[in-house]
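Chains as they are written, first to last, in the UniProt record's numbering: chain W, 1 to 469; chain G, 1 to 469.
Hint data in this document are derived by calculation from the structure and do not stem from the laboratory. As the structure is a prediction and not an experimental result, all values here were calculated from the model. Take these hints with a grain of salt, some might be off.
As the list claims (entries may be wrong) - Using 27 Å as the maximum straight-line C-alpha spacing, the simulated DSSO-like pairs for lysine-lysine come out as follows:
no.	chain 1	residue 1	chain 2	residue 2
1	G	Lys316	G	Lys256
2	W	Lys226	G	Lys226
3	W	Lys268	G	Lys88
4	G	Lys284	G	Lys268
5	W	Lys226	W	Lys366
6	W	Lys75	W	Lys316
Residues per chain, in single letters:
2 protein chains.
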Amino acid sequence: MSGEDAPAQQQNAVDQKQETKPADEPKSEPPKTESAPAGAAEAAATPAAATEKAPEEETFTYRALVLTGYGGYDKVKLQVKKGKPALKAGEVLVRVKACGLNFADLMARQGLYDRLPSPPVTPGMECSGVVEAVGEEVTDRKVGDKVMVLNRFGLWQEVAAVPASHTFLIPEGMSFEEAAALPVNYITAYMMLFDFGNLRPNQSVLVHAAAGGVGIAATQLCKTVKDVTVFGTASSSKHETISEGGVTHAIDYRTKDYVEEVRKISPKGLDIILDPLGGSDTHKAYNLLKPMGKLITYGAANMLAGQKKNLIAVAKNWYHQFSIHTLSLIQGNKSVCGFHLGYLDGETELISQAMSTILDLYKQGKVKPRIDSTWHLEQVGDAMRKMQERNNIGKVILTTEPMPEEEKKEEPKKEDKKEDKKKEDKKKDDKKKDDGKKEEKKDDKKKEEPKKEEKKEEEKKEEPKKEEK
Amino acid sequence: MSGEDAPAQQQNAVDQKQETKPADEPKSEPPKTESAPAGAAEAAATPAAATEKAPEEETFTYRALVLTGYGGYDKVKLQVKKGKPALKAGEVLVRVKACGLNFADLMARQGLYDRLPSPPVTPGMECSGVVEAVGEEVTDRKVGDKVMVLNRFGLWQEVAAVPASHTFLIPEGMSFEEAAALPVNYITAYMMLFDFGNLRPNQSVLVHAAAGGVGIAATQLCKTVKDVTVFGTASSSKHETISEGGVTHAIDYRTKDYVEEVRKISPKGLDIILDPLGGSDTHKAYNLLKPMGKLITYGAANMLAGQKKNLIAVAKNWYHQFSIHTLSLIQGNKSVCGFHLGYLDGETELISQAMSTILDLYKQGKVKPRIDSTWHLEQVGDAMRKMQERNNIGKVILTTEPMPEEEKKEEPKKEDKKEDKKKEDKKKDDKKKDDGKKEEKKDDKKKEEPKKEEKKEEEKKEEPKKEEK
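Based on the provided sequences and hints, a complete structural model is requested.
Structure representation (structure tokens):
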């Protein structure tokens, strides 16, 4: 339930993709393979785009994740593309270092997100990387700039041509993982709380999925305003972490009725409710608003039940979809807002303003993305599963770093950063996780270990997959 | 279409009213009549409330407007009440000087406003006056304080017992008329623009009925924010006035499609739309919002068509009532809010905060209520008509000043304040107005002249009654 949201802006990636798969280009030399993924990647032998390209561009290859059809985790495949993406005026070529996973990517995989074009297509709404080339008319980016990128899709690959206006300079001291974790979650949380929500001191906010990407961002942003009370839902194993992160009242939605819990503490209700769930939870949220309260709905996570599209869950969500009459709003003095960054195409100025404020807060140490785990491109299925099964605390990240050979043999990878991770603990964790998921096990592919996890040393209980409410 | 809104808080007036009409009280001496309205008032000989009252309280009388049943302008009658209202703890007794008319009063008269108890009942949501007595536990008001009052109803009378927390001190230099014009319109406009609307520099706002009470307040408040563009609808005869008041683009809704006019200037749409109309206009407003735009609906003026309840207009309004699904809000990145001060009972703190800011702006000369006209209690029918037929520019006010005998003989009253009004011009105006309203003429009562009008010297064209859209 983390990262229910999506990025903005569009088009470029489509063009780029077409660029890499021309059917009628003259044959070129068989490409050399840079950073070849060998075993794991399915080397899709697409002919190189050759139009007006120098010989080295013709032989340029890069790895890309491609959604090949709607369905389960295995529908996203790693392929090798050929031909350097051509830059249009205003664009830059980014060598991607890390990518963020978002809830909309999970929806998209099931065919539930209309901002992603039909497969085959490269998903991915945010990434970080280094500018490798700049197109004409680009004045504010140069080769070597470290940037984070927000795009409608197309960023889960090693190189991406994107409008320079969709890039933001990475501030000093921010890692590529953090930079890939920031745009979608923080812009979403920021615009919901400070534009629609108009959050002010002494107010109260309900953050569902407080351990998810948006949830953590929203909690941190709430704490930048004086005396804001944050109610956060999460399974109890995550309560310590979210409380440390700023949640005032952590609520276990699996064992308690969150409406009752909120009413016990705040009988009049709440000022702002962020609702990523949809369906009947939106009704509950509306009734839980104070006068002048704002309900901001930004997803339909309740639609996601299981790895593949669950028609019953989708139908149920539609059936329970919240609809409101203006006279009811008037009599309640309430506000209902919808937000999705994926539909904010072209609102470059709004997004830049939000990003600028967020980066200022980062520099002041007031917000900081929390990385749950980082996975290789080959592990995208497991990364998606971790997020969809709500086992993450914070952001799930993909890295474009090549996967070492030894890790491909089902060994846990070298935990190469931060404090040393205890492999034994991790193995135990994974054993439990696997035990808890027997039903899903049959369509499991080879289980890969995450590259590194920013977990605490103490063993965290794994939580069962969230029940659809 | 002005003043679509209503006041907050409640109860007291009911108690007070019951206090003045006890059926089983011991008979007392026939009351002396203070400021007796004689001719115009229908002296309702209600026995005085005598419980625990000193003899002078038993003989205390005051004039009150009473809604005697739902219907036309003649349903509000002037009566004489007997017995000084008893004060409960926390209440003050206010000697009322002036009262504001609001759109909700017009709705209430037709039985379309559920915040007014059933007739017989004294309407009136706002007034100004002087504190004449303070109840127990009142620490922040004293006898002699000049105050404005906001109450759910019950203020259209010479004295009113109200909670001290519903009163606000009148700042230096503000007249009783201005003070009676301020609370409902300015709090409504303020909370819509700055709480739900989150108005910021460079944004664009559509203000319907820009010459009405809320419209003028909203325009003035918009101008306190840098570079806000105000689109204001009004009939063309009012354009000069509203443009002087701050409207950037005045639109004659009777001759032009306001949606088209807005799109010509602001093709992407608007940031904030204040919608007092309801029905199909709410749909238009929704479609006219920019991404991140806020539609704030605060009335159903389209329901009012004619003096008495028009079932077709009501049904049409219900039929066209706007209803919205959350998925549509999400895909549009839009917000729909409902506001009505009349349903904000008990939100004393919110209201006090808003009032405090508004009074600061008043002291800085940034906002100032515009009085359209002031009428005697006896003239309440004509005052309501002026407002309902959209012939006002600014606020319509009732004064409790006794009506001089000569004015009761259908003579225009002495224009006793501000620049001298040209009676000849006014007579011409009234002639025109009457010509334009022949159909309604049959249920006209004796036509009274307004006490004074703050009109400019140049003759204003009267506009025909707004057509229901």
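Verification of the hints:
1. Between lysine 316 of chain G and lysine 256 of chain G, the direct Cα distance comes to roughly 22 Å. Compliance with the 27 Å bound is thereby established for this hinted pair.
2. Distance hint between lysine 226 of chain W and lysine 226 of chain G is fulfilled; the C-alpha atoms sit about 26 Å from each other, no more than 27 Å.
3. For the hint pairing lysine 268 of chain W with lysine 88 of chain G, the CA-to-CA distance comes to about 26 Å; that is within 27 Å, so the pair holds.
4. At roughly 14 Å between alpha-carbon atoms, lysine 284 of chain G and lysine 268 of chain G fall within 27 Å of each other, so this suggested pair holds.
5. Distance hint between lysine 226 of chain W and lysine 366 of chain W is fulfilled; the C-alpha atoms sit about 13 Å from each other, no more than 27 Å.
6. Our distance criterion of 27 Å between C-alpha atoms is met by lysine 75 of chain W and lysine 316 of chain W, whose separation comes to about 25 Å.
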